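Protein chains in written order, with my numbering: chain Y, 1 to 305; chain C, 1 to 301.
Each hint should be verified, as a subset may be incorrect.
[Stated by the list, open to error] What follows is a set of in silico ranges between Cβ atoms, one per label pair, in the way DEER data are often shown: (1) V164(Y) <-> L291(C): 52 to 60 angstroms; (2) T119(Y) <-> L291(C): 40 to 48 angstroms; (3) I297(C) <-> V127(Y): 16 to 24 angstroms; (4) Q256(Y) <-> E67(C): 38 to 46 angstroms; (5) I22(C) <-> T120(Y): 17 to 25 angstroms; (6) L146(C) <-> A99(Y): 47 to 55 angstroms; (7) V40(C) <-> E169(Y): 30 to 38 angstroms; (8) L88(Y) <-> E198(C): 55 to 63 angstroms.
[Said to hold, decoys possible] Here are the simulated lysine to aspartate or glutamate pairs, DMTMM-like style, with alpha carbons at most 25 angstroms apart: (9) K263(Y) <-> D175(Y); (10) K229(Y) <-> E207(Y); (11) K263(Y) <-> E198(C); (12) K144(C) <-> D79(Y); (13) K229(Y) <-> E54(Y); (14) K92(Y) <-> D79(Y); (15) K144(C) <-> E47(C); (16) K92(Y) <-> E69(Y); (17) K92(Y) <-> E207(Y); (18) K106(C) <-> E198(C); (19) K229(Y) <-> D111(C); (20) K144(C) <-> E54(Y).
It is worth saying that the hints were derived from the structure and are not from the lab.
As the structure is a prediction and not an experimental result, all values here were calculated from the model.
The C-beta atom is built at its ideal place from N, Cα and C for all residues, glycine as well.
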Amino acid sequence: MSAPPASTHAARAPMHAIAAWWQAAPFALVFLLFFLVPLGLIAMVSLWNFNEYELIPALTLRNYASMFEGCTQLTDNGDLCVTLSTYLSTLKFCLLVWAITLVLGFAAAYFLAFHVRSTTTQTVLFVMCTVPFWTSNVIRMISWVPLLGRNGLVNQGLIGLGVVNQPVEWLLFSDFSVVLAFVHLYTMFMIVPIFNSMMRIDRALLEAASDAGASGWQTLWNVIVPLCKPGILIGSIFVITIVMGDFVTIGVMGGQQIASVGKIIQVQTSYLQFPLAAANAVILLAVVLMIIWGLTRLVDIRKEL
Amino acid sequence: MSLLRPHHLRDPRPAGFWPLAIVFALFLLFLYGPMITIFVLSFQGPEGGLTFPLRGVSLHWFHKLAEGLGTVDIGAAFRRSLMLGAVVMGFTVVLSVLAGLAFRKKLRGGDALFYIAVASLIMPSIIVSLGIGLQFRLIDNGVKELLGALGAESTLEGYGTALGLLSSALGAHLTWTLPFGLLIMFAVFNRFNPAYEEAARDLGATPWQGFRHVVLPLIGPSIVGVGMFGFTLSWDEIARTSQAIGDVNTLPLELQGLTSTVTTPAIYALGTVTTIVSLLVMAAALGTGALLQRRSIVKKH
């Protein structure tokens, strides 16, 4: 995932450098206008004041202060303040989904890369893993309703088998269904980069490991996993950033009852409390960047590529 | 290696094949099972509900869908999303190919641009969406003040918002589709043999002729792939659009709203229709890609 080196022959004429800039300019302009400037505005407006009618340019930490109001002590019920408990809940989802998608994605990629021998079968199965990515996430979420609902297939089956007498209530609109939907939606983000890493592994290394007397598990743990680190890292970054900022999946699959950081930002935006939403976004971004930084400390991605 | 050996001499299936094969099969069932369920349930009879059993088979819920759900005009949202998807596809293809070409040359600041695109890809969507929404609200405020200062009262009365499908929503979608487009172009040009272009240049082709008659036919199938990414990602996009759209909604946003209000299989019918559009676009892209590939092979012979 790095820029291809500029071909040397093309760099001969200085005209080319100018032409290259014109060619990249529209692309760069989109990111300037719709990514960098908006991010700058978020940082700026997070320091503004506001009232019910308008945003008031200022330089105040009021919005940040209000986020952490009362966070120095527990509430009367012994709970954490809203901001901290929401972050903890979001981090909990993040950790669960990350662990499950990693194991599942690794297993699927491993099967595809090392056990499927025909290239055609490999391509077909790989494409089958990725097709749902190009279909609607909301559809894929509500497709769990007929299965997990109160009268859904799972409950019908469980009651039919006599396992339970009452329909199980926690299958849908619960933490369980949120995690399930995340895994359903985003395991693909693990499979693709890990599979890509695995396909680059020189098969001779595996034979060498086996010739040197390594067991299957030892080869897996000491040869394949270390060589897959870049893929694992890329997949992890995707999954973690998506879950940290999510409000759609948690909203739909949690029956609009479960809090998340993304949801707070969305609600504040819809009430036009832009400075508060912006302050929340800055903190969220900082948390996400710290997680990514921590991950890249574990794997130096540039060295591995 | 094993691929070169005759079939009967291959090693037996290594240990772990069957357990992993079962895990993989279950994973595919997990991926597709629920979608097949709602596909089946969208043909639920008029008496049927959101879950099994199927009470007859009918197109009843598709007719209901065509009439609109509640206050939502599904047809209009469908056309808006189709239009936006097509525009996003066009921009994604043209800008990604141009940027891909630029990155093959010496591009100062190319690394920074690449990292910005990757950052946009992994940035939590709610942040991008909030930023763009905020940006356009500030533009609105600016425009209104300016109109007020100029004394253009009638224009001021008529001014709504700069937020819209082809302004803020288009930009939000492009921050999501362009990084994919650029990464695909990198993959393409990393494997591209520059000898063809040099041959064209040596034969006196202008840069444009070289691009039009040599490079473009060779990368054609991949460009179709970029187009498919552009359309399908835009067609289903919610998170980045949510705060960056004005008064009108795209189809997935309407759909998201409907999940909490509609309690009939009509919502499954909507799911079936949007999934079919996605699958048709994928099939069209595959078909066009294969066609282009065959044409370029035929030409070579």
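What hints, given by number in increasing order, does this structure fail? Numbers 2, 4, 7, 11, 12, 13, 15 and 17 - these are the hints that the structure violates, sorted from lowest upward.
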